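Colleague: For reference, the chains in residue letters:
Number of protein chains: 2
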Amino acid sequence: MAEPTILTPERILEAAEDVLRRFGPAKATVVDVARALGVSHGSVYRHFPSKAALREAVLERWLDRVSSPLAVIANGDGPAPDRLRRWFDTLIAAKRVKVLDDPEMFATYSTLAADSREVVGKHVATLAAHLARIVADGVAQGVFAAENPEASGRALLDATARFHHPAHAAEWSDPTIATAFDGVWELVMRGLESGRA
Amino acid sequence: MAEPTILTPERILEAAEDVLRRFGPAKATVVDVARALGVSHGSVYRHFPSKAALREAVLERWLDRVSSPLAVIANGDGPAPDRLRRWFDTLIAAKRVKVLDDPEMFATYSTLAADSREVVGKHVATLAAHLARIVADGVAQGVFAAENPEASGRALLDATARFHHPAHAAEWSDPTIATAFDGVWELVMRGLESGRA
Numbered sequence: 001m002a003e004p005t006i007l008t009p010e011r012i013l014e015a016a017e018d019v020l021r022r023f024g025p026a027k028a029t030v031v032d033v034a035r036a037l038g039v040s041h042g043s044v045y046r047h048f049p050s051k052a053a054l055r056e057a058v059l060e061r062w063l064d065r066v067s068s069p070l071a072v073i074a075n076g077d078g079p080a081p082d083r084l085r086r087w088f089d090t091l092i093a094a095k096r097v098k099v100l101d102d103p104e105m106f107a108t109y110s111t112l113a114a115d116s117r118e119v120v121g122k123h124v125a126t127l128a129a130h131l132a133r134i135v136a137d138g139v140a141q142g143v144f145a146a147e148n149p150e151a152s153g154r155a156l157l158d159a160t161a162r163f164h165h166p167a168h169a170a171e172w173s174d175p176t177i178a179t180a181f182d183g184v185w186e187l188v189m190r191g192l193e194s195g196r197a
Numbered sequence: 001m002a003e004p005t006i007l008t009p010e011r012i013l014e015a016a017e018d019v020l021r022r023f024g025p026a027k028a029t030v031v032d033v034a035r036a037l038g039v040s041h042g043s044v045y046r047h048f049p050s051k052a053a054l055r056e057a058v059l060e061r062w063l064d065r066v067s068s069p070l071a072v073i074a075n076g077d078g079p080a081p082d083r084l085r086r087w088f089d090t091l092i093a094a095k096r097v098k099v100l101d102d103p104e105m106f107a108t109y110s111t112l113a114a115d116s117r118e119v120v121g122k123h124v125a126t127l128a129a130h131l132a133r134i135v136a137d138g139v140a141q142g143v144f145a146a147e148n149p150e151a152s153g154r155a156l157l158d159a160t161a162r163f164h165h166p167a168h169a170a171e172w173s174d175p176t177i178a179t180a181f182d183g184v185w186e187l188v189m190r191g192l193e194s195g196r197a
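Residue numbers (the UniProt record's numbering), protein chains in the order written: chain A, 1 to 197; chain B, 1 to 197.
Simulated from the structure, these hints should not be mistaken for lab results.
One side only, chain B facing chain A, incomplete, derived with CB under 8 Å:
{"id": "1", "residue": "A180"}
{"id": "2", "residue": "G183"}
{"id": "3", "residue": "E193"}
Computed footprint of chain B on chain A, listed as stretches where at least three residues anywhere in the stretch have a Cβ under 8 Å from a Cβ of chain B:
{"id": "4", "stretch": "153-160"}
{"id": "5", "stretch": "184-192"}
Bear in mind that the values here come from a model prediction, so they are computed numbers and not experimental data.
The beta carbon of each residue, even a glycine, is placed where N, CA and C say it ideally should be.
Given the sequences, and given the hints that come with them, work out the whole structure.
Modeller: Here you go:
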C-alpha cells in the first residue's frame, strides 16, 4: 500500500484531469475522483464545494498552462514587434500541439469551456492584457502608434481568432493556414505602426 | 390535384430545402424530396446525380443568397472605406438574422458546410474577391496603401472571422460584440491606410 499523503488541491486536480481523460466529461463524477485518490468524496468536497467548482478549477489549471509561457514573453524585454510575433507563435503552436497530440482531451476541455464562460472570460482577459502590455511597450519604444493599447490588445486577440480559438481547430491542418496568418499579421502590424490620419 | 409543372432544378432545390428543414440533415433523403414533389426519385437524379450533389447545390444556393447583396456593394461605386464598412455590416447582419430567426436551419446549413468543404471554399473565395475589389478601388482612390489587394482581401476576411464565421455564432449575442468588431475595424483600417515603413 502507498504511504498516506496529504490531500492537496493540486493532487485532486491531477486526479480529476485523469478521470476526465478516462471517462469523458459526460460520465466523470466526483466519486470517480475520490475513488482514484482512495479517499471519501467528502474529502474532495472539503476542497471543491461542487462538481462544477472542481471542473472549473481543472479548466483554469489547463488554461494557466497555456498562458504561463505567454506571460513570460509579455513581461519580458526586447523590441515589441518581435515579442508580439513570438507571443502569437507560442500560443498558436501550443494550441496546435494540444489538438494534434490529444484531440479527445482537447474536445473535453472545449466542453468544460462551454460550461464555464466566466473562467474562459478571465483567461481571454489575461491574454488581452498580455497583448496590451506588449503594445504599450511598443508605443514607448516608438515603433507602435496605438493610442489605446488596451483596445489594441483586445483587437489583436479578436483579429487572430481563426488561428487560436478552439472553434477553428479543424482548419489548423489546412496547408494555407500559415500564409493566412501571415496575411493577418501584416495587416495588423501596419495598423499598429500607423497613426491614423 | 395541382397542374403538372415542369421539374426544374430550382423547384427541386426548394423542395430539398423544405425537406431538410422538416427532417433534419441526418434523416432527409432524395426519396423524401421526390415524394414532396410528387415525382419518382429517378426524376430528381436526372438533375442531381447523387444525394451529395443535391445537398451541395442546396448549400450553394443558400450561400449565394448571402453573397449576392454583398456583390452589389463590392461592384458598386463610392468611397472604398464606406463600402467596406457597409459590406461587413451587411454580412454580419445577414448571419445574425439567420442564426437568430432560424437556429435549426442555421445548424443544418453548418452541417452541410462541414461536409462540403469545396462549396464553402468557393464561397470564401467569392467573399475574399469582393474585399479585394473594394481594397483595389481604395488604392485607386488614394485612401488605401495596400500593395496586394488580393492578399488584403483575404486577410480582412480572416481577421473578422469571429464576427461572421458560423463557429462563433454563440458569441454574437454577447453585448460586447459590436465594440469588439469596432476595435478590429479600427486596427485593420489603419493597416489598409498605412504604407508600411
